[in-house]
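Asker: Model the placement of chains B and C on the given structure of chain A, informed by the hints.
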Amino acid sequence: MPQMIKGDTGDWEIVIGMEIHAQVIARSKLFSGAATEFGAAPNSQVSLVDAAMPGMLPVLNKKCVEQAVRTGLGLNSKINTRSVFARKNYFYPDLPQGYQISQFEDPIVGKGKIEIDLPDGSVKEIGITRLHLEQDAGKSIHDQSPTKSFVDLNRSGCALMEIVSEPDIRGPEEAVAYLSKIRMILRYLGTCDGNMDEGSMRADVNISVRKPGDEYGTRAEIKNVNSLKAVQQAIDFEARRQVEIIEEGGKVNQETRLWDPNKMETRSMRSKEEAHDYRYFPDPDLLPLEFSSQWVEEIKQTLPELPDEKKHRFMDEYGLSLYDASVLIAERSRADFFETVAKDGGDAKLSANWVINELLGILNKNEKALSDSPISAEQLGGLIKLIVDNTISGKIAKDVFAEMFASGKDAEKIVEEKGLKQVTDTGAIEAVIDEVLAENPDNVEAYRGGKDKLFGFFVGQVMKKSQGKANPALVNEILKKKL
Amino acid sequence: MSNLTHLTIKDALKGLENKDFTALELTQSHIDAMAQTKSLNAYITETPELALEQAKASDARRAKGEAGDLDGIPLAIKDLFCTENVQTTAASHILEGFKPQYESTVSQKLLDAGAVTLGKANLDEFAMGSSNTTSYYGNVINPWRRKNDDKDLTPGGSSGGSAASVAAYTAMGAIGTDTGGSIRQPASFCGISGIKPTYGRCSRWGVVAFASSLDQAGCFARTVEDNALLLRTMSGHDPKDSTSAKKDVPDFVAALNGDIKGLKVGIPKEYRVDGMPEEILKLWEKGIEWLKSAGAQIVDVSLPHTHYALPTYYIIAPAEASSNLARYDGVRYGHRAQESDLTDMYELTRAQGFGDEVKRRIMIGTYVLSAGYYDAYYIKAQKVRRLISEDFTKAYEKCDVLLTPTAPSAAFAIGENEDDPIKMYLNDVFTVPASLAGLPGMSVPAGNDKDGLPLGLQIIGRPWEEETVLKVAHVVENLAQFKLLECGDLK
Amino acid sequence: MSLDKETVKKVARLARIRLTDAEVEKLGPQLSNIINFVEQLAEVDTDNVEPLANVADINLELREDVVNDGNCVDKVLANAPEKTQGYFVVPKVVE
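Protein chains in written order, with this note's numbering: chain A, 202 to 684; chain B, 16 to 506; chain C, 3 to 97.
For the record, the hints were derived by calculation from the structure and aren't laboratory data.
A portion of the hints provided could be inaccurate.
The calculated EDC-like cross-link candidates involving lysine to aspartate or glutamate, where the alpha carbons are at most 16 Å apart (straight line), are [to be verified]:
| hint | chain 1 | residue 1 | chain 2 | residue 2 |
| --- | --- | --- | --- | --- |
| 1 | C | Lys-94 | B | Asp-359 |
| 2 | B | Lys-262 | C | Glu-63 |
| 3 | C | Lys-11 | B | Asp-359 |
| 4 | C | Lys-77 | B | Glu-118 |
| 5 | A | Lys-264 | C | Glu-63 |
| 6 | C | Lys-28 | B | Asp-371 |
| 7 | A | Lys-263 | C | Asp-67 |
| 8 | A | Lys-349 | B | Asp-359 |
| 9 | B | Lys-255 | C | Asp-67 |
Negatives, chain C to chain B, calculated, CB over 10 Å [to be verified]:
| hint | residue |
| --- | --- |
| 10 | Lys-7 |
| 11 | Glu-8 |
| 12 | Asp-23 |
| 13 | Glu-27 |
| 14 | Glu-52 |
| 15 | Asp-67 |
| 16 | Val-68 |
| 17 | Asn-73 |
| 18 | Val-78 |
| 19 | Ala-80 |
| 20 | Asn-81 |
| 21 | Gln-87 |
| 22 | Gly-88 |
Quick reminder that beta carbons are idealized off the backbone N, C-alpha and C, glycines included.
Extracted from the complex, chain A is given alone in its bound form (with noise of 0.2 Å):
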């Protein structure tokens, strides 16, 4: 059930639709020949065409074109083998030509779907609108002096997708379902690193609010959401503020407003609003772009297994739930960490669960990623081979596991050097069961007069005498029929 706001009139519908700006992964700029990497010195990666020098000429970058087309196979969409550059006219200093080449009226992406996956468990379709490829602009600093505003160029130029959804999400929680699947499905494509640190994915979120089965409402468009975090909070703010002015009587207007994440509120940009007509028209220095069905195909066929497929083969092939699957595919090196350990260790179920609750908790409380985990996959898969093998209890497993963490050794030298072997010699077990029974000849009694629940202090007691190593399984057997 979507998320619904109360009102005084009721309950309100959240309705919300997401534009999603990914930087491209590309070596050089959408239309020139300059680098895109991160944190560069001012302007050193600007070429004439960046600074938008007279007389100087866009040509496309044809990776560009190959990332767009792969997301847009990605996000399920049609994708147009014709499409058209258009230049978005508005003057602003980091902004050197005075327009933004994109693409308006023939976008290079069309219509599609994608699943998000709900806290619930549910799944829910969101309709894709459409993507195109446009140019980032510069960047203005403002904070060095009281009057001027310095512009460093080394964005300006760099690939953006835009990623248009329809109004189908509701609320918060699908807003950033969907912000999170858009992000781990490019990341998995690796058409964009996703990092919304850097900046490399922002969003801007339209919100307007209803009653349910009412026409859509007005909207607004919210600007600077750059973080799952923000997206929660500006979407709870904005649908709040407009269903207090729709219920004192008054009216939302149609307007773009900027998250505050520090005042933690949208407000007016009714400055930038004031006569902006962006006069796009086709870009006379670009002809259309046309490529082969032929060409998309063989993208198509260099694309890797995308998430919602891995989580559907993961609960049909594994076995697992659908929350196991959701949290193994969310990074495609977890997934592929996860069938590592899952082959190694013979338990994909078993796999899962230690994936999860153990290394990823560990990591976590470390502040490592994945990559950095001292434990390699294959490592991990060791250890669960010795629990699937009855080598060694899960109980010293997670000594063996802790030992693995610290050290960086494989869990088998770790069992051999501190003799953790699983005791199976029925023999031996029984031996401690017979010292442990001749110990406590009260309990026996009692336990043989009708109080069940002492079977457990007896397991407790041989496991204890074995230090852990008595297979527990063995140790019920044997117990039950000496007692």
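Answerer: Chains B and C alone, transformed into the frame defined by chain A:
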């Protein structure tokens, strides 16, 4: 030595090769001529020192037997081509002092062929005009005068300085650009020949943009053959310009064999516009007769949408210009109004930096692209542009080349036609249609009006058929026996 | 169509060209004349005609994704009216 400036490029190359004179001497004589004709204001920036240096280097190359196709030939460069470390203004205040850190592809090709560059030729501001009276750096004066009248005449525009410099023997040839007639009309006004090749033949990289879908580089010279020589060097695909075509460059000079037997020359009836001076009609008739006498077949053709070419052009060109000129904002180069508020800085930079005609066109372009008007004006114009282009395609089913007058009048006096922008725009009535269709067009001087002023005929060809255009122009040139301006005529 | 003063001012704002009142007075009729002139196109039947954006009958060529430009901050800033520490400098942008 002064008669060195009267040589054709072809003869000068011969003389250099025969060691009759050096490139240094040839260049010096042009620099001297420039000094004597300063009142024409043909150049915005003269670069005599650079030219002499280039000439010395040229002589050294020739001595080593490494001379290029244009080695030692002094040329004028329209100040719309960016030239490395040489001020490039587009005749605008907004670019005053701008020194590009790069060389346009076309001027680089000329330099690579050994050409000597004398300076940056004056033009209408941002190439917007037909009289060279919109330049921030002053009017260019046509070296021609009416008999019995001392009024300063316009050289035409926008490449007025380029045309005047060649007509006045201060350059052996010049490069220009043509968006709606900016090479052909000044060539006609100044009594020289000039060619605008097919759109996509020459790279636009490094040429200050006016209207990107129309702008095309071309050249001026006193003979058709010299034009062929220049164009051969300037042409060719440039990977830095996405609209430049991957076509082989033919040997344009070799095409000038005079053989037009059986060639079908189309005469478009719509070019007989109301109010055209009788003498221009007569010259056109003469042109038809010349070509007939040379064995060509004359065919009547129709280009039904000709009348709509100017209105189409005056939507498309300003629309593109309004966007192309947005980069002149005072942030990265050129003039900046010293203001503490950003919007004031933008608005005053552009108010001070642009002249009236440029402002008018930016305003028109902004208006026709703005919300609510885009379809009615811009899209409509693009549709009519297709009809105009299709007119030519259909005509070329019946003929190989078209013959028309270049302009509806001879050079007019400076100040005339200034009261009404539309009247000025009508100058381009015969040149604009070919521009909209991207076709090659050439003006060749063919006669004089009653005041003795030169009149040109225009040859328009099929796309990529500059060879045919040059060949026909060459035949007209031979039969017209047009008398170039004499040295003594120069004021 | 004739362009009234408000339209002229609005267009000038969009184009970032400051006009004096006198210029607005003068430009209004001039621009209106030009607009009236180009409105002749309304006579032309363009039903079923595709707009023609560019006459070049060539395919758009794409470049390979190689870094072969940039790294020329001196050239980029060479003509800047105001610069410091590798940046262009402009009057403060106020949001």
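Asker: Please write out, lowest number first, the hints stated earlier that are contradicted by the structure.
Answerer: Per hint list: 14, 18, 19, 20 violated.
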